[in-house]
Amino acid sequence: MLKTFSLGGVHPAENKRSANSPVEVLPVPPVVSIPLAQHIGAPAQALVKKGDEVKVGQVIAQSAGFVSANIHSPVSGKVAKVDQVVDASGYRKAAIIINTEGDEWVEDIDRSAILVKEITASPEAIVKKIGEAGIVGLGGATFPAHVKLSPPPGKTCDVLIINGVECEPYLTSDHRLMLEKGEELLVGIRLLMTALHVKEAIIGIENNKPDAIAHMEKLASEYEGIRVQPLKVQYPQGGEKQLIDACMGRQVPSGKLPIEVGAVVHNVGTAYAVYEAVQKNKPLIERIVTVTGLSLARPANFLTRIGTPISALIEAAGGLPDDTGKIIGGGPMMGKALTSTEIPVTKGTSGVLLMPQPLASRKPVDPCIRCAKCVSVCPMGLSPYLLMPLAEKAIWDRAEEENVMDCIECGSCSFTCPSSRPLLDYIRLGKAKVGQIMRSRTANA
Amino acid sequence: MSVVLITIVTLAGLGAIAAVILFLASKKFQVFEDPRIDEVEEALPAANCGGCGFPGCRAFAEALVKADDISSMNCPVGGADTMTAVAGILGKEAGDAKPQVAVLRCNGSCEHRPRLNNYQGAMSCAVAAALYGGETGCSYGCLGCGDCVAACKFDAMYMDEETGLPVIIEENCVACGACVEACPKDIIELRNIGPKSRRIFVSCVNKDKGAVAKKSCEVACIGCGKCEKECKFDAITIKDNLAYIDYDKCKLCRKCAPVCPTNSIHELNFPPRKSKVEKTEPEKEPVA
Amino acid sequence: MIVSPSPHVHSGDSVQKNMYGVLLALVPALAASVWFFGLGALIVTLTSVLACVLFEHLIQKFLLKKPSTIMDGSAAVTGLLLAFNLPTNIPLGLIIIGAAIAIGMGKMSFGGLGQNPFNPALVGRVFLLISFPVQMTSWPVPIAARGAYIDAVTGPTPLSVVKEGLSAGRPFSELTAEIPSYLNLFMGQMGGSAGEVAGVALLLGLLYMLIKKIVTWHIPVAVVGSIAVFTGVLHLSDPQAYASPLFHLLTGGVLLGAFFMATDYASSPMSKRGMLLYGAGIGIITVLIRIYGSYPEGVSFAILIMNAFTPLIDKYIKPKRFGEKPAVQKA
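Chains A, B and C are the protein sequences, given in the same order.
Just so you know, we're using our numbering here: the first sequence kicks off at 1 and counts up by one.
Just so you know, we're using our numbering here: the second sequence kicks off at 446 and counts up by one.
Just so you know, we're using our numbering here: the third sequence kicks off at 734 and counts up by one.
Chain A extracted, bound-state conformation (with noise of 0.2 Å):
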């Protein structure tokens, strides 16, 4: 009986169509626009401005406070200019837009396959080059890793789990880092094991990649105690607080953070950038992103260079379909429909999936009907019928009270729901009205 989380979860149709295809470097693009916002926190700071010239891996960007990351050049050449374009917030925001020129690295950057197991740094060091490093969460929610690995006063960890199961229908791109570069995921996982002080790490791995949980297994086996924990298939395991359940059966209390049941949880692919950063000096500056949809001519998984135009990596997948409806940004549960391909690839795009019609077309909504579904597959136990007209007639404390503000925006509910109620659209808006209420009720205090 394989573990998993104790309250609800859904299971959608998997469609990991490009489980098998390894890893493409995708060639580095003329043109890179690199939003200033591309994570949790205050925006980065422009260091450049029009006419510089930059190199691979130069800091471009600084971090503006102490929940902000720093930003580096994925390309070398000329900054265009420092302009607004739209990007995945589906707003313009501001962004350095580079033209490039050649491919020249900064120099002390390791850019070698040699793996560099020995771990030299201090636990404090570690924390600083992974902050330097601009290294943020890159299962999507693109906090900044330095800051989850300085723990507040009075809390301590005394276990890291690493979040290898992507539970999105369709993405892969973990699945492949996990298949290709295990070793160095695991060296990964030390430094990251060293920087908490902890002895204990536990990977979690959904049962539908038997060959990763395979492979990472007896990889760890020469690592003291990392191990595998493989995992029933339930959406949405790879949500912070239901892999803790799941791996350690402990529940994160409502409203407070992991480190409050002393864990701390990171991606495979963050790991993996803090091996990167921290053993051959390579600041963030490119992922694996997944390209597919079920009329793609070749779904893949492209190892892309930030601030890259998603059509770059429509087009090396075969090119736009012709029934495209819907163009998403990450996965199909949690992604961003996106208003065009221009839009650029960031830290937290963890795929492109084209939607054809007419699943691209949402249902016609009916009136509810009462049969519970959606508090059934709510894994945080709230309960979506009614938070949903509570949003919609704008009672905000009955909203707050019925715990809103613990929705972590799976879409189970929505899901479910038989009559396509969008409940998931009105429950947001909950969470943005009574989180501001909240603020001003702090502020005012």
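The set of hints was computed from the structure by calculation and includes no laboratory data.
From the three backbone atoms N, C-alpha and C, an ideal C-beta is built for every residue, glycine too.
Fair warning: there could be bad hints in the mix.
The calculated DSSO-like cross-link candidates involving lysine-lysine, where the alpha carbons are at most 27 Å apart (straight line), are [as the list claims (entries may be wrong)]:
no. : chain 1 : residue 1 : chain 2 : residue 2
1   : A       : Lys256    : C       : Lys1048
2   : B       : Lys654    : B       : Lys630
3   : B       : Lys598    : A       : Lys393
4   : C       : Lys1053   : A       : Lys433
5   : B       : Lys598    : C       : Lys798
Label pairs and their computed distance ranges (CB to CB) [what the hints assert, rightly or not]:
no. : chain 1 : residue 1 : chain 2 : residue 2 : range
6   : B       : Phe678    : A       : Phe66     : 47 to 57 Å
7   : B       : Glu556    : A       : Pro364    : 19 to 29 Å
8   : A       : Leu320    : C       : Lys750    : 26 to 36 Å
Given the structure of chain A, go ahead and fit chains B and C onto it with the hints provided.
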């Protein structure tokens, strides 16, 4: 026969006892209230719309009685007549707030502002605004999902299916401000109704640079500043690539509208111009 | 391109799938009903379903002036369940009245699907029971009544035999000889309403609904469990004065009620804990009416009473939240 009599007497007696108990209770537990609150409440329109800033007419009446100076307090539904009546009851000075009306500051109809994608989320402007900048290239403009129409309790708004924009019915609008609150893009503004219901305003809230704005919408304000130069009453200011006409300073001279290169300045309820310059007259009062 | 908030995929579930799933789950019970009660069962079932669907269509199109939703299958489900709650020799006029009450008063007056605070089929049935007690309590004898409809041969049900016998002071063990064996009761060889007799058929239907995730186990198990426990305690205290739990479960409308009537979406609670409490309440009230009340059968009333408590249950009993129990202490 006697059964009927007993029944009548018993029930009548019970009724009388209940009446006495209720009478005593109403006297014993009576909360003293300033009787003027009832009088003021009578004078208010009883719409309970919240336009005055208080939760209901009763609360407004209480506040009016309590306040020393009521000149800054105004009932938008009742207007000057109501405030004068209230002032009479209380022996205080009414303020002279000018009557206002809601104005839609966006003309990005389907004709002027092409749709680039198809929104299929929940039919709520708040939800759409949280998701992205909208179906067009202008991320400041009207989203067309009708949160404002839903918020209006006075039947003063409806959605025009052809243009994709909401329409404000002047006769019914009481300037309560519900639509202003509901719009997540701050497109609707309460402006002075103006003499003979005439008013001039910039029908755009786009803050993008001129070239970017014009690319998305042919009637956008590009922040060129021609109107600012033309105005002799200092009523127009340009900020963040957007012109704004101050409704207190505007004297309705109509000099600014013809010089706007994108026809972004609207004049409502004026007679047609006799000049040679052909200017398409913006929408007048729509038929309800 | 289409733009909408996430999620961008859907399970494919629909109201129609759930309703037609319930209809399919009722097919074994329908087959049993026709087997035991023949012509009467066919006429009553057909009339009830057609009447319910027709009334819903007419009310929606002409009274409410809205598009008709009869294709979603919910009116047909109400029709079938109403039929299953009636004796198979009931006159056509009464069936039509029952359908009008069920759909018109029990469902549409509250706002249609998803808004009914009471189970519509039960509203129709109880209305008929109170208004036409004679016609609603004459029960055709299984197999023997197959060829007839209105003039089907009638007889007492096991439930009424045992209730009258126990109230007259006769011991339970003597009465069991006068009613079919437990196995026959389970297979449906007894008098009763059209759909309630065949326990085995109803159980098959429940299993189908559980597999297809149309209902969860909580309400059926809570109802059956609470009846079994309550009657079990009574029976153990005095085996001759009280009927056995197995008798109570297999006779009357317990299985039909627990599996198909109490699980109506709109009138039952939304949380698992709430559903268990609701089911337990139904069981207790059923047993109270059966043992201490004047009616031999109490399931319909019990369900309607607990339906009234559903909003209260939903208000105070919330689903179990993630992180509610204190986190396991770290070493």
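We went through each hint and held it up to the structure:
Restraint check for Lys256/A and Lys1048/C: satisfied, since their Cα atoms lie roughly 26 Å apart, inside the 27 Å limit. The suggested pairing of Lys654/B with Lys630/B holds, with an alpha-carbon distance near 18 Å, which does not exceed 27 Å. Taking the CA atoms of Lys598/B and Lys393/A, the gap is near 14 Å; set against the 27 Å cutoff, the hint holds. Only pairs whose Cα atoms come within 27 Å are accepted, and Lys1053/C paired with Lys433/A is accepted, the gap being roughly 25 Å.
A threshold of 27 Å between alpha carbons decides the hint, and for Lys598/B with Lys798/C the separation of about 24 Å falls inside it, so the pair holds. For Phe678/B and Phe66/A, the Cβ-Cβ distance of about 49 Å falls inside the hinted range of 47 to 57 Å, so the restraint holds. Look at Glu556/B against Pro364/A: about 28 Å separates their beta carbons, and that is inside 19 to 29 Å. Here the CB-CB span from Leu320/A to Lys750/C is close to 33 Å, well matched to the stated 26 to 36 Å.
Comparing the model with each numbered hint stated earlier shows that all of them hold.
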